[in-house]
Structure formats: C-alpha cells, structure tokens
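Note that the protein sequences, when read in sequence, are chains A and B.
Okay, so the first sequence: first residue is 1 according to the numbering used here, each after it adds one.
Okay, so the second sequence: first residue is 112 according to the numbering used here, each after it adds one.
Everything labelled a hint here was simulated from the structure, so no lab data went into it.
Don't take each hint at face value.
Claimed, not checked - These stretches of chain A come out as covered by chain B in the derived footprint (C-beta under 8 Å, 3 or more residues):
| no. | stretch |
| --- | --- |
| 1 | 61-70 |
| 2 | 84-98 |
Said to hold, decoys possible - Reference excerpt, derived from the structure (chain B facing chain A, CB under 10 Å, subset only):
| no. | residue |
| --- | --- |
| 3 | V115 |
| 4 | Q117 |
| 5 | F156 |
| 6 | P220 |
| 7 | L224 |
Using N, Cα and C, we set each Cβ at its ideal position, and we do this for glycine too.
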Amino acid sequence: QKEVEQNSGPLSVPEGAIASLNCTYSDRGSQSFFWYRQYSGKSPELIMSIYSNGDKEDGRFTAQLNKASQYVSLLIRDSQPSDSATYLCAPSSGGYNKLIFGAGTRLAVHP
Amino acid sequence: DTGVSQDPRHKITKRGQNVTFRCDPISEHNRLYWYRQTLGQGPEFLTYFQNEAQLEKSRLLSDRFSAERPKGSFSTLEIQRTEQGDSAMYLCASSLVGSGVPDTQYFGPGTRLTVL
Numbered sequence: 001q002k003e004v005e006q007n008s009g010p011l012s013v014p015e016g017a018i019a020s021l022n023c024t025y026s027d028r029g030s031q032s033f034f035w036y037r038q039y040s041g042k043s044p045e046l047i048m049s050i051y052s053n054g055d056k057e058d059g060r061f062t063a064q065l066n067k068a069s070q071y072v073s074l075l076i077r078d079s080q081p082s083d084s085a086t087y088l089c090a091p092s093s094g095g096y097n098k099l100i101f102g103a104g105t106r107l108a109v110h111p
Numbered sequence: 112d113t114g115v116s117q118d119p120r121h122k123i124t125k126r127g128q129n130v131t132f133r134c135d136p137i138s139e140h141n142r143l144y145w146y147r148q149t150l151g152q153g154p155e156f157l158t159y160f161q162n163e164a165q166l167e168k169s170r171l172l173s174d175r176f177s178a179e180r181p182k183g184s185f186s187t188l189e190i191q192r193t194e195q196g197d198s199a200m201y202l203c204a205s206s207l208v209g210s211g212v213p214d215t216q217y218f219g220p221g222t223r224l225t226v227l
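So that you can see chain A by itself, here it is in the shape it has in the complex (with noise of 0.2 Å):
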C-alpha cells in the first residue's frame, strides 16, 4: 500500500464546474496536510494547508480533512482553465515535518 494515494486522473470538469480531488494516507502520526498545484515542468505550489478536522477555505479552495478516515480532500468552486494543473496531496511525517507526497492527481478544466 502506497503511503498517499491519489486518483491519477486526468480528471475533467468543465469551466465553472467544481472539481473534488481526494487523498488517503498511511501514518496516522501526521498532522499537517497541505495541498500543491503543480503546472507542467513547474515546481509545487502551495495552495492549502489544513490541520485540524473539518473544512477550511480559502478563496475558491475548500481543504476537508477526516483524520479518523485518514482522508483529505480539496475542492475548486467555479474552476477555470487556469486552475489546469497537476494537484500533489502532501501529509506531513516525522518530527521534522518532512512531506510525503502522493503522485498528484491531473485536473483538466475545459472552456
């Protein structure tokens, strides 16, 4: 079993649709999660980060997190071209907070 697991997608939504990528992780000893967008050839950049149960929004972003569950989840309201990206789920392991990334999960959105 991988330690993050994300749908690889690509996963298509059309412009002005919300899209819903998922995540599930391994360590139950994690206790930041955090969201990446990464473009093509790109480095990561961060778009969320959540650290306790429930929801957390930001702008057009909403982080939802079931630690029980050990599930995370992100959701793009009124997604835009733009938005067309690699997504990377990221829990946080160790004592030194080093990431554990899941492959990501490709997001299209289309006109």
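Using the hints, position chain B against chain A.
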C-alpha cells in the same frame, strides 16, 4: 520576501561526472529540505537541515549523494559519479518553525538534471 532560489535551473552532464546544485532558502527560514521528483511521480524526500545540522537522510540518498548547509544559510547537494537513474528534478524547500509559526514548506524552481 524573495522566494527560494536554486542554481542552476538545468544541468546536462555525462554519466560518471560530478554535479553540484545550490539552494538559497527564504531569508531567516531555519529549515531546509531537498526532494527529488521524477516524471509522473510526486516529490520524494531526500534530506533535511535544521539550521546547519543535517538531521535526517532518506534511504534514497546513496553514498554518492552529499548535502551541506554551512552557516545555516544556503545549501548544496552534490552527486558524485552520476548515473542515468539520477536524472530528475531536484527541488529545495524551506520553512520557518518556531514562535507559533506553522511549519509550511515553500519550494524553489528546481534544478532539472539530465544524465547522458
């Protein structure tokens, strides 16, 4: 704040050569991480520094790899006797921990290494 910077951005080398990459973290960030990313995969942790001390190394980091962070500022990652399997994007990230600040890692643009 300027972000994390990495140099060079691209490096092409022949198998067996040594290469060195540099990372300059965000000013005053006390934690610095190196990751490696291959095509279609997420970044994989390589090593971590708190100030100048290297506190954790991944099993991925063979003895051909060495990293330093003298004086707790910039860091270098050296790969000796490069192999074709070393071809990847090498990413540096930094964070500030302490004083109630959440430990959030910000990535540099990466160094893309191609070993011929």
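Outcome of the hint check:
Given a C-beta distance limit of less than 8 Å, the hint that chain B covers the stretch 61-70 of chain A is violated, as 0 residues qualify and 3 are needed. Closer than 8 Å: that is the beta-carbon criterion, and the stretch 84-98 of chain A has 7 residues meeting it against chain B, so the requirement of 3 holds. Interface restraint check for B/V115: the shortest CB-CB distance to chain A comes to about 9 Å, inside 10 Å, so the restraint holds. For B/Q117, the suggested interface contact is upheld, since its CB lies about 9 Å from the closest CB of chain A, less than 10 Å.
Given hint, B/F156 at the interface with chain A, holds; its Cβ is 5 Å from that chain's nearest Cβ, closer than 10 Å. Given hint, B/P220 at the interface with chain A, holds; its Cβ is 5 Å from that chain's nearest Cβ, closer than 10 Å. The closest approach between the C-beta of B/L224 and any C-beta of chain A is roughly 14 Å, which is over the 10 Å cut-off, so the hint fails.
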